[in-house]
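Start counting the sequence shown at 112; every next residue gets the next number (the numbering used here).
No lab work stands behind these hints, which were simulated from the structure alone.
Built from N, CA and C at the ideal position, the CB exists for glycine as well.
Mixed in with the good hints there might be a few duds.
Said to hold, decoys possible - Label pairs and their computed distance ranges (CB to CB): (1) T374 with N265: 39 to 45 Å; (2) N265 with P231: 37 to 43 Å; (3) Q145 with T205: 16 to 22 Å.
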Amino acid sequence: MAKASGYGWLRPQKMNFDFNTPPHRLGTDSQKWQKYADRDILPMWVADMDFKSSPAILKALHDRVDQGVFGYARPTASTVEAVVNAMQARYGWTIESSWIVWLPGLVCGLNITAQAFAEPGDEVLTLAPIYPPFMSAPKNSGRVSVSVPLQLRNSHWEIDWAALEAAVTSRTKLFLLCSPHNPVGRVWRRAELERIGEFCVKHDLVLCSDEIHCDLVLDDLPHIPTALLGDAIARRSLTLMAPSKTYNVPGLGTSFAVIPDQTLRARFVRATAGVVAEVTALGYSACEAAYRDSEDWRQSLLTTLRGNRDFLMDFVARELPGVTLEAPIEATYLAWLNVRALNLTDPIAHFEAHGVGLSDGAFFGAPKGHYVRLNFGCPRATLEEALRRMQAAVAATSRG
112 MAKASGYGWL RPQKMNFDFN TPPHRLGTDS QKWQKYADRD ILPMWVADMD
162 FKSSPAILKA LHDRVDQGVF GYARPTASTV EAVVNAMQAR YGWTIESSWI
212 VWLPGLVCGL NITAQAFAEP GDEVLTLAPI YPPFMSAPKN SGRVSVSVPL
262 QLRNSHWEID WAALEAAVTS RTKLFLLCSP HNPVGRVWRR AELERIGEFC
312 VKHDLVLCSD EIHCDLVLDD LPHIPTALLG DAIARRSLTL MAPSKTYNVP
362 GLGTSFAVIP DQTLRARFVR ATAGVVAEVT ALGYSACEAA YRDSEDWRQS
412 LLTTLRGNRD FLMDFVAREL PGVTLEAPIE ATYLAWLNVR ALNLTDPIAH
462 FEAHGVGLSD GAFFGAPKGH YVRLNFGCPR ATLEEALRRM QAAVAATSRG
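Between the sequences and the hints, there should be enough to build the whole structure, so can you do that?
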């Protein structure tokens, strides 16, 4: 396993945060917990964490609520500055405030990207397995989604470059990249990203890089924004980012696209007209506090997630025969588990019957019955209980 570190934009003063106490979510508006509200099933599916957001975010939200007025909002100079400074400090990426286009979510951004840079009938490339909206967004507006399967080589998920080249046609206009990759947890290396950039230049493709998990790298690896690969790539790229996954604020609907090229940015903005909702006042407040005031919390979160990741990998290897983690989880709080050897017609139903709710790998473009995705962004006690239930579910397959 690669050496873990607090890879980040600074080394903050150590503080104590509570990542052990499960927050009360059952019976609330939580989509994650409502799914199994009337059943004894631990929800380990959708990608939000069972941790409270950082104290800085909570304070910023309380302060904003105390103001008492919630009119239409625009980002303040300090909110934009927090984002610009974080990109520079964490990644050495100098962005201009004019490059930022605010969005109420990254799924919205994927859909707008497909509409802005491809016409009906045009093709949009991506790599599978992949977060489902990468495949559905083009289809929603009459574009054609083309998925190129990743290859498992030497215990790493890799791009099949020959298959990617073969997938290009005269109707291919856009390439959607997930970096780091959800669900396989892969951090793309510089050489791979440069090759992706060269591929897009060669075929005159717009490159859209969803980097929503970029602040959740668990190993001692740098996240490299695709727009840093050179001017030729930056001119055809847009980068989708958000504080939502890292700081556990997806319900506040605050994301943004960074688009250096003015022409691309204008096309993207035109495609949002009349269909994209505005970001809320509370969303802007949380975003600013996340990027400006929550780095110490993020580093503590990463320590917690590394511990959960290592515990999970060890438990799967020792206690779950027929379940395999085929590659290291380098980033995210999501585990991509191969369950094919269990020979289950419906793995999700089987694990639900034993009290664990997982995501079906088929939704991500994997063969039915081969994979499930598990969210380990939760207190260790929750993870341990979920894995014990999975252990019982696996044992039941040998008896049945």
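Going down the list of hints, with the structure as the test:
In this structure the hint that T374 and N265 lie 39 to 45 Å apart at CB holds, the actual value being about 41 Å. At about 41 Å, the CB distance of N265 to P231 agrees with the hint of 37 to 43 Å. With their beta carbons about 42 Å apart, Q145 and T205 fall outside the hinted range of 16 to 22 Å.
When each numbered hint is compared with the structure, a violation occurs for hint 3 only.
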